[in-house]
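Note that the protein sequences, when read in sequence, are chains A, B, C and D.
Under this note's numbering, the first residue of the first sequence carries the number 1, and numbering increases by one thereafter.
Under this note's numbering, the first residue of the second sequence carries the number 1001, and numbering increases by one thereafter.
Under this note's numbering, the first residue of the third sequence carries the number 2001, and numbering increases by one thereafter.
Under this note's numbering, the first residue of the fourth sequence carries the number 3001, and numbering increases by one thereafter.
If you are wondering where the hints come from, they were derived from the structure by calculation, not from laboratory data.
Quick caveat: nothing in here was measured; it's all calculated off a predicted structure.
Glycine included, C-beta positions come from ideal geometry on N, C-alpha and C.
It is possible that some hints are incorrect.
[What the hints assert, rightly or not] Over 12 Å on every C-beta distance to chain C, these chain B residues come out as not near it, computed from the model:
#  : residue
1  : Leu1039
2  : Thr1048
3  : Ala1119
4  : Pro1163
5  : Thr1171
6  : Val1179
7  : Arg1197
8  : Val1226
9  : Gly1275
10 : Phe1305
11 : Ile1315
[What the hints assert, rightly or not] Derived pair list, reagent style SDA-like, types lysine to any residue, alpha-carbon separation capped at 25 Å:
#  : chain 1 : residue 1 : chain 2 : residue 2
12 : D       : Lys3107   : C       : Gly2107
13 : B       : Lys1096   : D       : Ser3241
14 : D       : Lys3106   : D       : Ala3084
15 : D       : Lys3139   : B       : Pro1221
16 : D       : Lys3088   : C       : Ile2167
17 : A       : Lys268    : A       : Phe112
18 : D       : Lys3236   : B       : Asp1043
19 : D       : Lys3107   : C       : Gly2257
20 : D       : Lys3139   : D       : Lys3107
21 : D       : Lys3139   : B       : Asp1161
22 : D       : Lys3236   : B       : Pro1221
23 : A       : Lys435    : A       : Arg217
24 : A       : Lys268    : C       : Phe2130
25 : D       : Lys3107   : C       : Phe2130
26 : D       : Lys3088   : C       : Asp2043
27 : C       : Lys2096   : D       : Val3110
28 : D       : Lys3220   : D       : Pro3237
29 : D       : Lys3106   : C       : Ile2167
30 : A       : Lys268    : B       : Leu1321
31 : D       : Lys3220   : B       : Pro1221
32 : D       : Lys3107   : D       : Asp3118
33 : A       : Lys342    : B       : Pro1221
34 : D       : Lys3088   : C       : Phe2130
35 : D       : Lys3286   : D       : Ser3241
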Amino acid sequence: MTPMLSLRGIGKRFPGVVALDGVDLDIAQGETHALAGENGAGKSSVIRLLAGIHRPDAGTMALAGEPYTPASPTDAIRAGIRVVHQELNLLPALSVAENLLFERLPRRALGFLDRRRMDEEARALLDRVGLADLSPRAPVEGLGVAQCQLIEIAKALRSDGGRVLVLDEPTATLTPRESGRLFEQIEALKARGLTMIYVSHHLAEIFALCNRVTVLRNGRIVSTERTADTSPPELVRAMIGRSLATQAPVSGGPVGAEALAVRRLRPKGAPPGPGLDFAVRYGEIVGIAGLVGAGRTEVLRAIYGADGPPRGEVFRDGKAVAIRSPRDATAAGIGLLTEDRKAEGLVLSMSSAINTSLAALPRVTRAGFMRADAERAACVRYAGELATRLSGPGQPAGQLSGGNQQKVVLAKWLFAEARVLMLDEPTRGIDVGAKAEIYALLGRLAAGGRALLVVSSELPELIHLCDRILVLSRGRFAGEVARADFSEERILGLAYSGYMGETAS
Amino acid sequence: MSAATPDTALPLRFRRSRLLLRDAGIGVALLALVAFFALAAPDFLSGTNMSNILTQITINLILATGMTFAILIGGIDLSVGAVMALCAVVAGTVMKLDALPEVVAVGLGIAASLGVGIAAGALNGFVSAFWGVPSFIVTLGMLNVARGLALEVTNARTIYDFPDSFIAFGTASLFGLPVMFLLALALLALGWVVLTRTVFGRMIYAIGNNEEAVRLSGHRPFDTKVLAFAVTGACVGIAAIVYVTRLSIANPILGVGFELNAIAAVIIGGTSLSGGRGSLVGTLLGAIIIGVLGNGLILMGVTDFIRQIITGLVIILAVVLDSYRARLSRSLG
Amino acid sequence: MSAATPDTALPLRFRRSRLLLRDAGIGVALLALVAFFALAAPDFLSGTNMSNILTQITINLILATGMTFAILIGGIDLSVGAVMALCAVVAGTVMKLDALPEVVAVGLGIAASLGVGIAAGALNGFVSAFWGVPSFIVTLGMLNVARGLALEVTNARTIYDFPDSFIAFGTASLFGLPVMFLLALALLALGWVVLTRTVFGRMIYAIGNNEEAVRLSGHRPFDTKVLAFAVTGACVGIAAIVYVTRLSIANPILGVGFELNAIAAVIIGGTSLSGGRGSLVGTLLGAIIIGVLGNGLILMGVTDFIRQIITGLVIILAVVLDSYRARLSRSLG
Amino acid sequence: RAAGGTPKIGLVMKSLANEFFKDMQEGAVAYAKKRGGFELIPVGIQSETDIDGQIAAVENLLTRGVDAIVIAPADSRALLPPVARAVKSGVKVINIDVAFDPESMKKRGVDIAFVGPDNRAGAKMSGEVLAQALGRGGKVVIVEGNPGAENATQRKLGYQDAITAGGLTLIDSRTAHWETEEANSVFTDMLTAHPDIQGVMAANDSMALGIVKAIQARGKTGAIKVVSFDDIPAVKPLLESGALLATVDQFGSQLAADGIDEALKEIGGQNLTGWIKTELKLVKGKGAA
Ligand SMILES: Nc1ncnc2c1ncn2[C@@H]1O[C@H](COP(=O)(O)OP(=O)(O)OP(=O)(O)O)[C@@H](O)[C@H]1O
Ligand SMILES: Nc1ncnc2c1ncn2[C@@H]1O[C@H](COP(=O)(O)OP(=O)(O)OP(=O)(O)O)[C@@H](O)[C@H]1O
Ligand SMILES: [Mg+2]
Ligand SMILES: [Mg+2]
């Protein structure tokens, strides 16, 4: 049987980087094929070639036996290849429905929009990804990252995913609830015989959903195997070339004095009520869990003064601090790694070195002048610690792979050496190997006496990392779980509690 | 549970009202201005004066309508004033062709004006989209080319003495309102429908928002860009006709600096200079603010230089006021 | 892998050469232009004419240097021409104060010009950053305010008859080059150092690219914005002094339209109108292109209207050429 | 220099986009063709206020080695330094249209002959026609040219002379920057503020065109009288219908030719100084006394 997609000897170079080198890949009709590999291994590069964004420097592609040479995304879409890219590509000022149906807006005579059909189609798509209550006419700006990701997915589900559906890290920003919903859709499409390519750093997802998995390393194919014939540890070994030692849970240092405390904090969009009270001590890693939209991001932003002066009180080292803006927060030794790296974390067109030093300029300046060498040194140092794959400190952040961009954002805050560091989804899109390194690093930071406050949608991550987990549900604290009591069931139960009306558990 | 996204309904309602408020913001500035002049200049509210203001803003309104298309798609058109002069002198030349019967000559003249405007606009769009160069520079070049051409074809002379039937339109009224203003309003309404209700309109906003995303969705922004600039050009062609019928002359140096006025109306109206956000309702309000300001200060008897100073201050004040409105609606939302 | 930066050396060299190519692109257009005029207009390459060109571009170069700061940070300054007039007439008024010894009066006049420029610029920056309103509108307002003020303080009259010692600077030469041009060049070089080597410059580029990321990294973009516009204003103040010493008059209507020329130099030089990208080297080349074009066409004896048309076409051509260069360097890279 | 063949004469104009200067230049070119024996190099500038551009033009002419320059300066003082330099290097200079400031000339040690009309006297002639038509006490407004422009200033002064002499009442005076459309708007608003306006003095014909349209739109044709300046062809119909009471012809097309004549005299060895006044003609419309 001719494979649905077949790549032969594909090569792609960027200045100073060989992104793909002699890639041979066959995707069978109807299979769900996973691509795995470290950050920068070349997964998204394969996808960008399929999507017609880039053209290969070498090799050929075939779709259902026919030569496939897309010159633009238009060609790819015409050929029936639908892609959910790793980074969001939405139109903020347009409505949800318009974004969902943008590839082909329903029209009536004379190019008029068919708004009724648009609403209907959009509703149906929103339904499928669990956003049934979102109005199709709402503009996309103002939606959370997770909701945007779901909209991207729903977009691709139109016409049932075309001939080949490609999903590049679709779950990176989703909590288990949304991910579950997505997996149901994938199963349904599989049952219909749709061919899919699935990229993820979550090995469990790969084993649960995919028939076969191809591992890339440094732009080359390492192996292609049926998932039934391999195992997560083997896969990890193929990806990073060594086994990952089973890690003991990160343990912070001796818990010290109260570093950060908030009282009656009422973040933006918070429900009426007394507000939130909690504290983080030096040497401690405190997690915040919750469903998408629970308001975790808003808690961190409020403390940081990102949306103006917080409503409520913030204490540093037991003393009340007036925070009117992020500058006040950083002056008080508080840092925030934001959730949306593209819009809020990075200056994409500027170099990785510049991005690394952005929150700690005094460390790389002398008398108002930049010390370019110190800046580059910092970038190289953290690239080493975080295993960031970049062609050099001068490479613009926008040219890095998604996971490596995330590492640069992390490097920025590590370099800033804030005493209190808040991290919103710190390992979004980071590969398993690097994740372990990062956990160890965060552990060392805590052991070194920093106070860390971590928001994550990956419960295993929080469970692995934290000393305590606060659970947010609908903007209110549903409870606090100590390390001894950590379990996914317990935490999820609390996370859902706010949505169950009076019968909160 | 299962109520997936439980509290979206609320913010949505907020957002709707925010949109209304958005246009209202600059409207409040306008109301304040009108109220002030009503008190300070007794004749300001009179019917004739209202009608005068509408006549005075007509050309800027038409140009600003077209400019809104160029700005929304992420560009700008600096050539509108110069192209308008070219349209006017070409139309004027055609209309004065003795060989043709009057009606035909006038019809052809109007068509020529539209044709020149559309061609210049499409060329602006083509060059900037095809080579991916900033429309700021392309239209700056076009400004010089069009002005030079207008001067060259007329040899710097004023064309005058047009058919009376044609000139009559310029001062005609309907329901007590200047016909030319009604035309401008109709054009604006048409533009509004196009921008908000058609695929083309959505495409303009989309490209202004994130051109890359549009490309990834399988569209070719090129066509839409050329078309959007052609629309700007068409409006310029119409404005030129309105100019000629109103002032019954066509000369190659008319319209100098009109681009700035048109851009100002668009930006005061809340459209973002970087594209993708804004509306023609805002543009209408912006154009009226500029018009009212010019008129009211003269009625008050403010001297020229002071008038210029106050005009500058009020323009700044209007957008500052508007920012408070935005902040207010944000804190509500 | 974990070998963090395996091949750093190579791409860095690549990047360096690409940067050179970037500026070279528009440089090629300039060379072509110079070569053409050298053939077409015999006097073009003469020493006097070269010196004339440098003198002619001096003011635009100074204004464009300042404009580069405003545009890089994501703004624009439409008020430079009008503020320049205000600076000039204030400086002129101060210099003619009889009560003061000549040297003191001249010194105070220069200080006044700088002061007015910096104040106007800082005000532009303050209003647009504090209320988050587009600098396009704020500086459009300032344009009117400054022009009105300049007319009001002089009552539309020209100030003339300045101390000879001061006027002498305007035509002085050093090493065969006009002193004022050397001043402009020094200013540009200083600006280049500030933009590429200092924290302030870094902030300007970063804010122009992604203000939100800068803010969330714990900075206050506000201060940098005000300062950047103040730099623009300082350049305007200097340009005003150069104007007065060169033309030995100060009048309130000078500098009309200078903003467009300055912006054109910046954008032709490859700086992005949306901020964050570009360099003063490009601005220098852009200003020279504009100057050479105006000068060469006159020397060739091209008539005025045709000259205007050709100027427009060459401006477009230059950026189109530049786009091929960009494509080339991309495909090389 | 003149020894080496036909003399070259540079003609430095203001913005040729202005009909008046375009006429002037064409008159000069026609004259050069008719008379022969010299080469004419005409140059213009982009806008009325482009002093810098005009200085550049003078410098470029010197680069090209002209024997004489005939110049309509954009500023009566700022152009003196380069022109004085030209004079000192032996180039003959004749000043047309707007006169160089005498004091500044004295300071620079040059005395350049001026060939041109008396704008102030001309405006006074035009204004007097209005004064006569309205009688003493008539209420008038002035619509001015560009503030700061020499012509605009002279014409305003001339109108004021006529107002004083004729006993008129000036109730408002505003600029419309020489432009038709702006004059139309500004005058419409002046009329709203002062419905009793009986007469308008416009600093040029382009603005008069807009003013007449505003009067027509108000239905006050005939009730409000207009005088202006320049006598461009476009006002012919207005003069014929009486919508424009008077304008002034300063024979612009001859002005440059006259200047060239004087320049040739200087090249021939004469030394000219002072004001060589050129003709001004009052052109009256229908109904003017
Ligand atoms: N436009 C570009 N210019 C230069 N280098 C690029 C560009 N795009 C990708 N690269 C490089 O190609 C390599 C492969 O990137 P790719 O995005 O395919 O990685 P990935 O496997 O998807 O990683 P991740 O898991 O982090 O998303 C990276 O080293 C990246 O820096
Ligand atoms: N339609 C909406 N209108 C206004 N605000 C909204 C809307 N939807 C969500 N929000 C706000 O944004 C937040 C949603 O952001 P997001 O989906 O990122 O969830 P989060 O809990 O804040 O963060 P995380 O994604 O890390 O779970 C909500 O807490 C809410 O305050
Ligand atoms: Mg990727
Ligand atoms: Mg979040």
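Do the hints match the structure? See the list:
no. : hint                   : in the structure
1   : Leu1039                : 23 Å, holds
2   : Thr1048                : 27 Å, holds
3   : Ala1119                : 15 Å, holds
4   : Pro1163                : 28 Å, holds
5   : Thr1171                : 30 Å, holds
6   : Val1179                : 31 Å, holds
7   : Arg1197                : 27 Å, holds
8   : Val1226                : 16 Å, holds
9   : Gly1275                : 9 Å, violated
10  : Phe1305                : 4 Å, violated
11  : Ile1315                : 4 Å, violated
12  : Lys3107/D to Gly2107/C : 23 Å, holds
13  : Lys1096/B to Ser3241/D : 20 Å, holds
14  : Lys3106/D to Ala3084/D : 11 Å, holds
15  : Lys3139/D to Pro1221/B : 60 Å, violated
16  : Lys3088/D to Ile2167/C : 18 Å, holds
17  : Lys268/A to Phe112/A   : 38 Å, violated
18  : Lys3236/D to Asp1043/B : 35 Å, violated
19  : Lys3107/D to Gly2257/C : 31 Å, violated
20  : Lys3139/D to Lys3107/D : 43 Å, violated
21  : Lys3139/D to Asp1161/B : 30 Å, violated
22  : Lys3236/D to Pro1221/B : 51 Å, violated
23  : Lys435/A to Arg217/A   : 17 Å, holds
24  : Lys268/A to Phe2130/C  : 22 Å, holds
25  : Lys3107/D to Phe2130/C : 50 Å, violated
26  : Lys3088/D to Asp2043/C : 21 Å, holds
27  : Lys2096/C to Val3110/D : 24 Å, holds
28  : Lys3220/D to Pro3237/D : 18 Å, holds
29  : Lys3106/D to Ile2167/C : 16 Å, holds
30  : Lys268/A to Leu1321/B  : 24 Å, holds
31  : Lys3220/D to Pro1221/B : 53 Å, violated
32  : Lys3107/D to Asp3118/D : 24 Å, holds
33  : Lys342/A to Pro1221/B  : 23 Å, holds
34  : Lys3088/D to Phe2130/C : 56 Å, violated
35  : Lys3286/D to Ser3241/D : 6 Å, holds
Comparing the model with each earlier hint shows violations of hints 9, 10, 11, 15, 17, 18, 19, 20, 21, 22, 25, 31, 34; every other hint is respected.
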